[in-house]
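Student: One-letter residues, chain by chain:
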Amino acid sequence: MIIELRGRGIVPGHAEGEALVSHETISGWGGIDPATGTIIERRHELYGVCFTGKVLVFPGAKGSSGWSAFFQSTRLLGTAPLAMVFSTLSTKSALGAVVTRVPAVSQLDQDPVATIHTGDRVTVDAYRGIVTVTTDR
Amino acid sequence: MRLADDEKAMLDGAEGPAVAAAMDLLVRYGEALGAERLCDIRNVAGTMTQPSPVKAKLVREGGWNKAFSVLNLDSDDDVEIPPMRVPTCQLQQGFGEDALGVAPYPPGMIELQADAESFYGAHGVNILATCTPYQVGNLPVRGEHCAWMESSAVVYCNSVLGARTNCEGTASTGAASLTGKIPCWGNHLPENRHGTHLIESAVPVDGFLDWGMFGYFVGDVVQENRPVVTGDLRRPDLADLKHFGAATASSGGVEIYHIPGITPEAATLEAAFGGRAIPEKIVYGERERRAVYQRLNDQGESADVDFILLGCPHASLDQIARAARALDGKKLNPGTELWMMTPRALRTVADRNGYTEIIHKAGGRLLTDSCPAMSKSAPEGTRVFATDSAKQAHYLPAILGIEAWYGTLEDCVEAAVTGTWRGELK
Chain S
10 MIIELRGRGI VPGHAEGEAL VSHETISGWG GIDPATGTII ERRHELYGVC FTGKVLVFPG
70 AKGSSGWSAF FQSTRLLGTA PLAMVFSTLS TKSALGAVVT RVPAVSQLDQ DPVATIHTGD
130 RVTVDAYRGI VTVTTDR
Chain V
55 MRLADDEKAM LDGAEGPAVA AAMDLLVRYG EALGAERLCD IRNVAGTMTQ PSPVKAKLVR
115 EGGWNKAFSV LNLDSDDDVE IPPMRVPTCQ LQQGFGEDAL GVAPYPPGMI ELQADAESFY
175 GAHGVNILAT CTPYQVGNLP VRGEHCAWME SSAVVYCNSV LGARTNCEGT ASTGAASLTG
235 KIPCWGNHLP ENRHGTHLIE SAVPVDGFLD WGMFGYFVGD VVQENRPVVT GDLRRPDLAD
295 LKHFGAATAS SGGVEIYHIP GITPEAATLE AAFGGRAIPE KIVYGERERR AVYQRLNDQG
355 ESADVDFILL GCPHASLDQI ARAARALDGK KLNPGTELWM MTPRALRTVA DRNGYTEIIH
415 KAGGRLLTDS CPAMSKSAPE GTRVFATDSA KQAHYLPAIL GIEAWYGTLE DCVEAAVTGT
475 WRGELK
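For the protein sequence lines, the chains are S and V, in the order given.
So the first sequence is numbered by my numbering: it starts at 10 and just counts up by one.
So the second sequence is numbered by my numbering: it starts at 55 and just counts up by one.
Treat the hints as calculated values from the structure; they're not laboratory data.
There could be a bad hint or two in this list.
[Claimed, not checked] Heads up, incomplete: computed chain S residues facing chain V, CB under 7 angstroms, no partners named: (1) I11; (2) E25; (3) G39; (4) R51; (5) S73; (6) A78; (7) S82; (8) R84; (9) T88; (10) L91; (11) T100; (12) A103; (13) V108; (14) V122; (15) H126; (16) R137.
Even glycine gets a Cβ: it sits at the ideal position worked out from N, Cα and C.
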């Protein structure tokens, strides 16, 4: 089955890859380790999981304003996600996507966190704001 | 996004390559937000001096100009940095010289930071070196447009001071410092400042511990929304509101809250919601209060406490005085250390008042500039720590891989003296 979500491109670009879906918001500072590209918040559902090279799908950013700098560091250290798809646009997630310089889409017509499952094949067309999901479901 | 003539000129390089790079970032960021325009600001609180391995490498390659270009402007070009265009301060950073021999923190990082302070100080950055700039010389007036980062400072700036800032980041504050501009979006627009959720406390919220727990509850419930809190609230002081806001911004992403009758944009409950319909209330009762306490203590197993951390966000003078009173004439347990963090400007006052001497005589340390979470540094061998800060209890277990206890200042001091955690919710 193919599902198409329409939203707004936040950072222009195009990417195709495997989805990693977080149902919980993500912290940057204190939430991820840029050296390894993993989630380190102990209470988080993805504790210990690596997002490098994945299409990171999440509800939004939370916590410290270090969010963008930590995701910028993932770019500088080579551990960045492939693309970002997130429900709630905030200054943290917008600036974070800008300085990570990966294709990013937000403000979608369907909830990406409910629609996309970890492991789904996802195409992110952030020029047009379209996220296409290919799934076995 | 529409640019004004002066903004177009900056983008086109009329004011040099650094300002052009700054404007380029602001345009990319403003477009990402969907902002219609930029607004003029004259108050920036950002971060430039804090050392990190990435920064050290950039400085080796191209000095502080390169570090600022890459990290504070998100630019690939290595440009020469002009003086700050608008008043700009440095927030909390790494440990300074006062932590030498106290915190296991690389002396090389302290040197690098001192070098950064020279560079940025000469460029007009005020080195306040605190997460609470509003305590030590940067107190925006009501309605002032700011570009601040540090979530606990942002929520204080919007809610308690009635100034206007989004939760900015390293690159956007860097760009703002060279242009005096920031996207006019979110909290800068009056219509986005009214409450969205009503939370009523059915239990007394009185004192530092309870304001922190209530904040942790509120942040978890509303996430990135705008809570209005009412109920049995006993009049908070600066430290209570500092703690409450920091907690809402740790369990959630709160950037503005209102307390009718206390915070400036909420003279009444109706005003807090901007005259719109008041939503159904969410109640914070004894059950919720106990659940928050449990949650903040769910990273604690062993009662053998190695380390006590006070002053998150950086302690006020009142908090330092209270800690000094609690520690006066006591001696810390030999296996337990106690640090209290405060801005260096307040440390100077604490020195004059004799508070520092009392804390140090007991075996504790009054430290400045940073905190264990920012510097990723606690006393050697720490396995279990205790704190009176909901924010530090939230973050430090993840950052340092240690257990955490949360309680009152008095619980913390008792644990410091006995080495054993005996905190319980009263």
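Student: Taking each numbered hint in turn, which are not upheld by the structure, reported in ascending numerical order?
Tutor: Violated hints (numbers, rising): 1, 2, 8, 9, 10, 14, 15 and 16; every other hint is consistent with the structure.
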